[in-house]
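Listed below, chain by chain, are the residues.
2 protein chains.
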Amino acid sequence: MATGKKYIYFFGSGKADGTGTMKDLLGGKGAGLAEMTNAGVPVPPGFTITTEVCNLFYELGKRVPEGLDGEMREYMGKMEAALGGSFKFGDSDRPLLVSVRSGSKFSMPGMMDTVLNLGLNNETIQGLIRRTGNERFAWDAYRRFIQMFGNVVMGIEKDQFEHIIHEIKKKKKVSLDIDLTAEDLKALVDKFKVKVKQVTKRDFPQDVWEQLIMARDAVFGSWNNPRAITYRRLNDIPGNLGTAVNIQAMVFGNMGDTSATGVGFTRNPSTGAKEFYGEYLTNAQGEDVVAGIRTPHPIVDLDKEMPQVYKQLRDITNKLEQHYRDVQDFEFTVQEGTLFMLQTRTGKRTAHAAIKIAVDMVKEGLISKEEAVLRVEPASLDQLLHPIIDPKAKIEVIAKGLPASPGAASGKVVFTADEAVRMAKKEPVILVRPETTPDDIHGMDAAKGILTARGGMTSHAAVVARGMGKPCVAGCETIKVDLKAEKFTVGKVTVKLGDHITIDGGTGRVIIGKVPTKDPEVSGDFGTLMSWVDEIRTMGVRANADIPRDARMARKFGAEGIGLCRTEHMFFAEERLPIVQQMILADNTDDREKALAKLLPMQRSDFKGLFETMEGYPVTVRLLDPPLHEFLPKREELMVEIAVMHAKKAPKASITKKEKLLHRVEDLHELNPMLGHRGCRLGIVYPEITRMQTRAIIEAACELAKKGKKIVPEIMVPLVGIKKELQNQKDLIKKTAEEVMEKKGVKVEYLVGTMIELPRAAIIADEIAKEAEFFSFGTNDLTQTTFGFSRDDAGKFIGYYTENNILEKDPFQTLDQEGVGALVQMGVEKGRKTRPNLKVGICGEHGGDPASVEFCYRTGLNYVSCSPFRVPIARIAAAHAKLKEKGVGGSVSK
Amino acid sequence: MATGKKYIYFFGSGKADGTGTMKDLLGGKGAGLAEMTNAGVPVPPGFTITTEVCNLFYELGKRVPEGLDGEMREYMGKMEAALGGSFKFGDSDRPLLVSVRSGSKFSMPGMMDTVLNLGLNNETIQGLIRRTGNERFAWDAYRRFIQMFGNVVMGIEKDQFEHIIHEIKKKKKVSLDIDLTAEDLKALVDKFKVKVKQVTKRDFPQDVWEQLIMARDAVFGSWNNPRAITYRRLNDIPGNLGTAVNIQAMVFGNMGDTSATGVGFTRNPSTGAKEFYGEYLTNAQGEDVVAGIRTPHPIVDLDKEMPQVYKQLRDITNKLEQHYRDVQDFEFTVQEGTLFMLQTRTGKRTAHAAIKIAVDMVKEGLISKEEAVLRVEPASLDQLLHPIIDPKAKIEVIAKGLPASPGAASGKVVFTADEAVRMAKKEPVILVRPETTPDDIHGMDAAKGILTARGGMTSHAAVVARGMGKPCVAGCETIKVDLKAEKFTVGKVTVKLGDHITIDGGTGRVIIGKVPTKDPEVSGDFGTLMSWVDEIRTMGVRANADIPRDARMARKFGAEGIGLCRTEHMFFAEERLPIVQQMILADNTDDREKALAKLLPMQRSDFKGLFETMEGYPVTVRLLDPPLHEFLPKREELMVEIAVMHAKKAPKASITKKEKLLHRVEDLHELNPMLGHRGCRLGIVYPEITRMQTRAIIEAACELAKKGKKIVPEIMVPLVGIKKELQNQKDLIKKTAEEVMEKKGVKVEYLVGTMIELPRAAIIADEIAKEAEFFSFGTNDLTQTTFGFSRDDAGKFIGYYTENNILEKDPFQTLDQEGVGALVQMGVEKGRKTRPNLKVGICGEHGGDPASVEFCYRTGLNYVSCSPFRVPIARIAAAHAKLKEKGVGGSVSK
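Top to bottom, those sequences are chains A and B. Under our numbering, residues 1 to 894 are what the first sequence spells out, in order. Under our numbering, residues 1 to 894 are what the second sequence spells out, in order.
Among the hints, erroneous ones may be present.
A few chain B residues that face chain A, going by a derived Cβ cut-off under 10 Å, partial list only [said to hold, decoys possible]:
id, residue
1, 362
2, 672
3, 685
4, 688
5, 759
6, 764
These stretches of chain B come out as covered by chain A in the derived footprint (C-beta under 8 Å, 3 or more residues) [claimed, not checked]:
id, segment
7, 795-802
8, 818-831
9, 842-848
To be clear, the hints were calculated from the coordinates, so they are not data collected in a lab. Beta carbons are placed, not taken as given, at the ideal position from N, Cα and C, and that holds for glycine.
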């Protein structure tokens, strides 16, 4: 190699060229093998071709750098030496067999290629037979090799080989591979070779070096196979890392009863308990454990079968756990009584186990609190905070929608909100709708879960359900809801009113019938860990909550205030909606004010409840936001009703009444309500609404202040895009607040701020900050307008986009840092330029998404606000962001 | 004045302290008086208190700077001296009377206050009687003074005085002021004084200096009266300019038959003809000319009555026009045979006159071509390019909507597009709809004009009508359209199918009946001026055109290419829509491709027509943009239809058929179609659409290329927000184009670019420019998403916003430079950072708005593209922008 660059790293004889920290260059497996070798762990010798070679391989048009083949021969020599010179690659007398395996920085299990038993050919097979004295073993090894090499390297379909095996078994009238004799296997090898020639028009390679080079290039090539690409996309693994190739002396667990192979964990990966966990098979190869043909034994049984080996294994794995300071997932083989470790890596675990292990390891003095916190993936907590479907239950999944709000629920199907309220008094119900609107809130409240045919991850159903902490499967486009016939169909399955279904909002599954669900326990370890989380993080976490019940839940989950109270949700209660409608249908200010006067005491009492629950913590109240027609009957339903009344010649007076209502609904009808007369545009055109809401807020605060309770309400003006919009509303609020305080004879502090949820607001944030005393980024709406995506409609193409890699992630779930994030950053910078101490938060759905929380921390936000159920996730994500900034620990393993 | 600052400027005796260039400081009137005085024009002497004093007046809390009153006394002395010492302010024997007038930099006619005849009191009236020997004149002057001062300075309602005059006339049984005797007028003065005391609780001030100071402060105060504020807002006049106060010796045109007063123009302001134009009254004061009680005479008659004066007036005004190098609008008074000029200013003129005057003055050598171009306000051209309502016609306006597309049209009312097509074969029709959709295109095409009850300036109806160059009144919310009853109502007026109406799309008026319209001539001067425009401007102007007919019109109006061809408009033809629907309703790719194959030859032939018309000029073709459901029947109408069929027990098969259609419509239904599955999102999910459209474009170009015609189509991908969206479509386009060219055996050049119409696209323009070969800013959509305003729905509040000064201008008409403009600028800068020669244009409606065109020029765009009818406006605006940058000439007078 002219460049002098080191492309190959050796390991063996207790010493390796590399170390465990060189995952970038050697991949996880290669680094692990080097580290184990250096630590004196018995590892079959071998060498690793670096990930750099993989990248060069692609740069050079699928060719390795010149000279690499020669260098491999040198290293093969070292390997032979490490084995004491007893075996030689390609030697017909004492053949050395090797494995060729991929291994990238992050584990991508099963995604890339592996070839075992490489080095066998028509000559070396004889040596293997001689050396082992086990003809059947040798022929089995050869046929496995041809099969694997043929498939992986030469691209022959697996079926082609399986078919031949099947034929031979049929002929011999046996059912298991193990029943085939050495003769049979030898015949199989011949037939396989014929098949290879037939499919590829070439002979199966007999030159072991040709075998090795072909296998190496196949492994490099597998880095970019479609399933590896998909896996990387789903797991956020960059495509430019490349894979290393590990070439290692084969050891055999299938050389008789003193041989075995197994896998294990140093702690229980499901519960986190500190117990030796795993399984093994005697006289078997690794793939047999996975294939499930024979049932493996629990690893503790090895103590009885091979006590010496067991003890050595426990010692080694204990040492490895101590060494790596984390749970190890390991593979081993015992060849004729000798233990070899083939792999060790950080063990994947459930959220439950992750917490227990992290807390235990701190107690054991193995890791610090900071490391413990980093060991828990924030998003995984979601599993812990909601009921799940009993994993042991047998279920029939009939459809799959979007996992819109986690948790599982069973109940009888209902199709209207009113029916939901009625039936829920007797038994649990699932509300099924084409889509939900604010009209359905009372039904959603009554139901155990919600299923919709339309709408995305941030559709009305999804947002409200998450707010309520209720399971929801949204945008389940394969179900056809027929409201009139009170049924829904999926293909040939029909589900009628009153039938049982179960939904799993964590996976999007819709299941026929009643399925047992279980509430996973949140152990005391959870509380311990969260207390460390709160010691570490510096960014605040608030919750979005509209009613005292939600506020209490938010407190339970550790929220430090309310970042968003959507006052319109107070308008939907059964007894209030008619008054709200009266207000909307008023055709003059006087009548509107009369209706508002009736709503005032109701809102005031809601605010009092909210303020009392959150005493000592800030409460941000957003003024009325949605377009008014959301509170009225649907236009198309009225149109249908009236047409039918005409067709059926209903009394004229009743038709006229409906028509009058339709007229007003038509007046308010909008083609794109998301971009219509809503947000502060309402409070500007109808100042009496802002006045009433301000009165309710300030009166509630004054009344509590008189009782000695300190409340600082933060009044938030929605959908501001023009400085004068905020000026107008702020003037109105200040004037009203002064009047109320004058009348109540008590002064309370309050702030007036705004949502930044339109691109224009971010662009002119310096101007807006002249008026705003705080900012809260409404990243749902900001995502909608920045992308021009309606959250209700984007389901039609966003799925296609993420599947086809046009978008990495659904931007309604994870904040789009490149576009929307650029506006958030611009908003923060410009806002603070005007008002250096400006309090800035986020109250979109992203407030509960870990990657977005990290972005918020980096961007200097004071707090994030999210659904009560996601508060713990946001807290831990905020702690991770802080630690990442401080440079503590690595990231959680992928 | 301690500061030594000069606050007062004198004019008189042929010499003035100021000059005509000092409009900022002296206001237009003051500067004009100074300039005229310096030029030897006979002007009554006086002095001007500067606009700086006005600003100080507000800074000091409505007080003038100390010492000003004393300084005014000095200047009054100078004025008396200039009058030869014959008159003295407040002198009971030879009283000097003065006028007190406002005058700001820009003329604001009638908006601020004026007081005449100031200096009269119970003593000086006697001197005036003695001096003039005309008791009636003197008492009339005194009562006019009390009336004016009482109203303007003391705030007494005009009615209060009028009522007293009315009473006295009733008592004397006369009907005209002129019939009142000196005695009557004297009695009136007494009654007026009593009224003043009664209303204001103080006597009418007798001290002439108190009168003067009060009047001065009232004039300063009138700068900020509501109507002045509104006028400034409407005319883009800054609020911080302030007004000057002009105090000038009174001259009287009502001192007998050798006295007269008049107004005039140096050229005809209506036609532009070089003729002396104006009117006068003998024995009258200026206000009498305006009041219309006596009919004034044409100014040329003055030649007969007072030939000496007439000659002097012609000489003076000719000199003024030469001096100012523009048409003058002047006021004069003849007092007992002596001519005084009271004012001269730039004369306002019609667009027609403006062009003629500008061209004539170049021919006369008075101004340069550049100046001539600057003399024509771009927006005013709109008047010239469309038919208008005959100004002499008597009309009954029944409603007023938005002036959505200029021009007037009369015709019979129809309520459906089909009816429009049917009836239009016999006679002109006006299509009246609640709102239009693409379904209505054929009806809009057949109608003479369009009237809608809903939708803003950029609603579908407005945009399409402007594109077609057809009159449209949109968002006329007071009309209630009843499609079923085939009528519309406005208050108590009902208009039925077949009734005649006239709409004026230039003003938004809806008129009952058939009103004559006239096509204003576009004179040869227009062509001359536009040729100078094209010599000056450097930015290109293209047109938005979808069909060869529009393209021909665009060429006629001077477009240098097509900046936007909306291919979907080709889908709406009667014979094509069913095929488009077949394509949409296809539930698999095969069926969709079959339908597309039928559309291919149709689109190809359209493109050929377009390319042939625009030969030598670029044509930008936008791929399919609107959501597919726009091509299908409306959801709510189908729902009604089906419900009625059920109610009437229609045959099951026909119901099922409709229901199936509804199902597909429901599938495609979107809550916010503007943010839905449209633009490139269609071509990505249904690549066969992009393939078909690319084939049609490239095949057309290839076929023409074979005939030796060079076409460089610019294929534009709409609604890109993510780089990979453009990559995806570009790959598809390139591949398809290569295939076509291969097959056709000919190579054509083509470009692939994108619309920048989403905030995210502007933010990541550097990334997008890696793929895009050109950018075109779609500022309609960009305005929608930046503000979060739906152009279809914003009518509900945008009117309120502009009226209440929350927004200065409708951002759909004039580009919002602060917000949307910031994104455009970002897009241009980032795009050119990646690709320095990136061709950038704009194809939103703003391309035809002068202020927006100037912004586009400043921002470095290569071209603007607009409706064919606005091309001349854009051309002249582009020339203005260029001249402004070069610092040539001032702006057009306000």
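Exercise. Quick one: which hint numbers does this structure break? Sort them smallest to largest.
Key: Of the numbered hints, 1, 4, 9 do not hold.
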